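*Asks:* Residue numbers (this note's numbering), protein chains in the order written: chain R, 1 to 335; chain W, 1 to 795.
Hints listed in this document are in silico derivations from the structure and should not be mistaken for laboratory results.
Hints are all accurate, no fakes.
Label-pair restraints from in silico Cβ distances:
#1 W/Ser327 to R/Ser309: 28 to 36 Å
#2 R/Ala22 to W/Asn312: 29 to 37 Å
#3 R/Thr264 to W/Gly25: 54 to 62 Å
#4 R/Thr135 to W/Pro5: 16 to 24 Å
Non-contacting residues of chain W with respect to chain R, defined by C-beta distances greater than 12 Å in every case (computed):
#5 Gln49
#6 Gln148
#7 Gly213
#8 Pro381
#9 His650
#10 Gln700
#11 Thr704
#12 Tyr762
Quantities reported herein were computed from a predicted structural model and do not represent experimental measurements.
From the three backbone atoms N, C-alpha and C, an ideal C-beta is built for every residue, glycine too.
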Amino acid sequence: MAKTRPALASEHWAISARDEPARNPGMAFEPSWLDEVRINRSAVERRAGTLPTRRSIKKEWQTAWLLKAISCLDLTTLSGDDTPGRVRRLCAKARQPVRADILEALGVAELGITVGAVCVYHAMIEAALEALAGTDIPVAAVSAGFPAALSSAALRLSEVEASVAAGAREIDIVIHRGHVLTGNWQALYDEVRGFREACGNARLKTIIASGDIATLGNVARASLVCMMAGADFIKTSTGKEAVNATMPVSLVMVRAIRAYRERTGHTVGFKPAGGISTAKAALGYLALMKDELGRPWLEPGLFRIGASSLLGDIERQLAHAVSGRYAADYHQPMV
Amino acid sequence: MVTVPQIFQTMDYGPAPEGAAAAEGWLDSHGRTFKHFIDGDWCAPHEGQWFESSNPATGLPLARIAQAEQTDVDMAVAAARAAQAPWRKLGAHRRARYLYALARLVQKHSRMLAILETLDGGKPIREARDMDLPLVARHFYHHAGWAQLLDREFSGYEPIGVVGQIIPWNFPLLMLAWKVAPALATGNTVVLKPAEFTSLTALLFAELCQEAGLPPGVVNIVTGDGTTGEHIVAHPDIDKLAFTGSTEVGRAIRKASAGTGKRLSLELGGKSPFIVFDDADLDSAVEGVVDAIWFNQGQVCCAGSRLLVQENIAEAMIAKLRARMKSLRVGDPLDKAIDIGAIVAPVQLQRIEQFVAKGLAEGASLWQPDWTRPDQGCFYPPTLFTEVAPAATIAQEEIFGPVLVAMSFRTPAEAVALGNNSRYGLAASVWSESLSLALDVAGKLKCGTVWVNSTNLFDAACGFGGYRESGFGREGGREGLYEYLRPVWQATLPPYDAPTRQADPVPPPAGAPRAIDRTAKLYLGGRQVRSDSGYSRAVLAPDGTLIGEVYEGNRKDVRDAVEAARKAQDWRRATGHNRAQVLYYIAENLEVRAAEFRDRIAAMTGATRRAAAREVAASVRRLCAYAGWADKFDGALHGPSLRAVTLAMHEPLGIIAVVCPDEAPLLAFVSLTAPALAMGNRVVAVPSERHPLAATDFYQVLDTSDLPGGALNIVTGTRDTLAKVLAEHDQVDSVWYVGDGEGSAMIERVSVGNLKRTWVNYGRRRDWFDVAQTEGREFLRQATEVKNVWLPHGA
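So that you can see chain R by itself, here it is in the shape it has in the complex:
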């Protein structure tokens, strides 16, 4: 696995889909940093609301950007009724996310577009690995008491270890929201640090469950603590909260990533998840990454979108780009 350290905002930053940036080693817990956090919700909402309107992406550019969105997609199934069969279908889609004739017509067949990862529960890791054999698409497992994170500490830790042992290359843990809501940042740091160690070589994504932790200030502080503890990605939501990924929350989190990089030099990725179901929304997130963090954050090594139905909408847009006709959903192979 190549490890490169991306330069900030370089003009033509080329990276193949599987190059991965250096991992975030984390740092000693620094509570005073949290006291410095200032977030103004109205101003954040204004920026988050106008950013997509400032960046209209059309024609060939839209096609390329939507393909990029696919390459950054964590194609996800996290349902109680998941079965190996369902996961195999998902993985087939992960390998061939867009109809071959569309890719051919767009002249992008040689790009070998796949999704960024397949994201499943622990019990589905094995099925996913089998279905993805022969590709370099990683399997990500949600872990650590997903989605409520209220099982015992030992159980949560062992769940991470088990998923890594089962072959998950990425672990999406969810934090204990109570630590945030009670301001017990040390406990949050210790918990995430533990998960980071348990991950070994697997990449750690930390879900802060932004919909549960109430304020944007908490979003920023939880993000910083997770990064201090060694998160490789910070992730908005489990998809199970009442409110999942939003642009304002995402803006606060990517600004935290920027602040962390400015202070430590370490690079952390971002994963919005839940509720992103349209191609237009995906373009907005890509523009957010490019404008707030820079070109390196438009690669799967540093950006993922956690979604299940998004891919279908992107496919329809791509079909439209080819044919000039609006596409029907049943013309795209289902997951």
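Please build the complex by placing chain W on the supplied structure of chain R, with the hints as guidance.
*Replies:* Using the frame of chain R, we list chain W on its own:
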């Protein structure tokens, strides 16, 4: 041709042009030639003169536009005049329906209007589409509501008549809406001149007026350059002028219209501070700067063009700002993915370049992103100057371009001092997560709008307008409607019968009986002082009897009086309750000496003892009225159309010079000084020239009434000589003048130095005993500025 795989690697932004075909088609449908819109129809220019409007992004011509000369303006004014009475008589509800129709039509044609705006003026289509047009529609909707409510909410007021309106090129249609909507809602008719660079949306708006079935003559649009504007300003049958534009032109309009009796509102330039405290959300503040100075290429009167950053975070803030500037995109304004469009015209681009060169020559440090700007058309990159001294030209002058100057401060007090260190006072932006700090600073900044943790927010419900040389009058909200209304009794005030001035000071007549050998002194800073002039003037009874002498105040006395007023900060800081207590105390002490004042008035004016007693009693009542008002002339809480509250705070102007008439020498003096004091202003009063002793006696009342020294200063002497010095004085914030027409004209003419507010009577006489004419809200409005403080909120 760039391929999808290439873009997949570079992830660059591509072009995202808005189609202009419909707008171009509209231009073609008019043969790319536009006449004046007068009396509901298109009229060719009488002199056959035309000028060209071009697209600043390409330099290519867009259309040929009629140049209005005197005759065209005459026709437009005549049409507006003829339409005004029927328009007024139409009634509130029917006028409201027209405004509502205009709002709907603006929405229906919003994309075409936005594209035209961008083609003609160079602003990014995103801004025209997302900022200008929604605000335009909102302004008409809001004022449709006011039209409906006018009779009840403004009972006792009437429209002024025909309004001449001159608007700038930076927000062409929005400024039209700000002018036309309140004028129409209140029953006035309009002659409007758009800026010569940007006439097109006004002309499309004229078509919307036709489509709405607006009665002919209610809205007339004449196009042309500054000379057309001069014809409007000079037109004798125009009752009110409303202008938005440069301070320089605003000053010329004030001068040209002086003494004509035309009401005037000016919304002029600015050099607005953008203040960032160390407890601000810095990333959001950086984005605020983008919205402050790189909105509409910085061609915004209220642009936050002076960045003031607390010293301990200055380096971090500047670093973040530079990083952000790198991701701004300059280019084709019709491209939906650019941040900064074209500068309106080559002449403006040159002006910006000259300012930047001057900034460099004066030693400031320049920073621009390293990407290149388009080499065709009028473009200028976002520009940041650091190491700028407050004295630098670029820190003082309005550049009206995408150029930001940055300075640092150490304390809140220093931030306020730097923020106020400007001849302008339009707007400010304050960034802090401490509400208590932000509100404190907002209250101390001398400007009409303060945005807390936000910038460049506008709403029809919130008044907008300046302090100082940023102009006077408000647009939007209830406060803005008063600009287009007057009390119904005002038009019927009689002129003064005889000239009210005395040609020369009257020397004490030889051999006149010298019953009293006493010369009343001036009252400055709470002390009785002799005039610098060393001259005195006689005060005579109607029969020529010498009843006293006063000093002949001169320039230096005025200077000292204003200086005393400037220092009297205690009065400004006093609470309304405190001021009420002092005013009650003055009333009480006046009443104790009622007989003495009665006799004095009788002796000076020849009034009967009974009439003089009535004047004293009325004066006591008036003092009590303003004592009552002192803690009750509350501001308002506006609800703009976003999650915010806007506090419309009533603030004292500062120093008001009050020039009193001869009639009712005590009552008029009290009627003019008490409201100014009640609102926390400091006052320099010139009492009746002929009968000054009531006022000089009055300072003995003041001395026993706990009024802080300097809050009220009295300078006796030749009224218009003193009034002129006061009107010229740059530290004086407003002059109230009650006298003849000639003096009124003089005051307006010489007030242009600092563009102070003026309130003159044009030689019309009020009845000081009539409470409706001489007491209450009109006086309190004259004694206050409305400052709108925006407080967006969110947990």
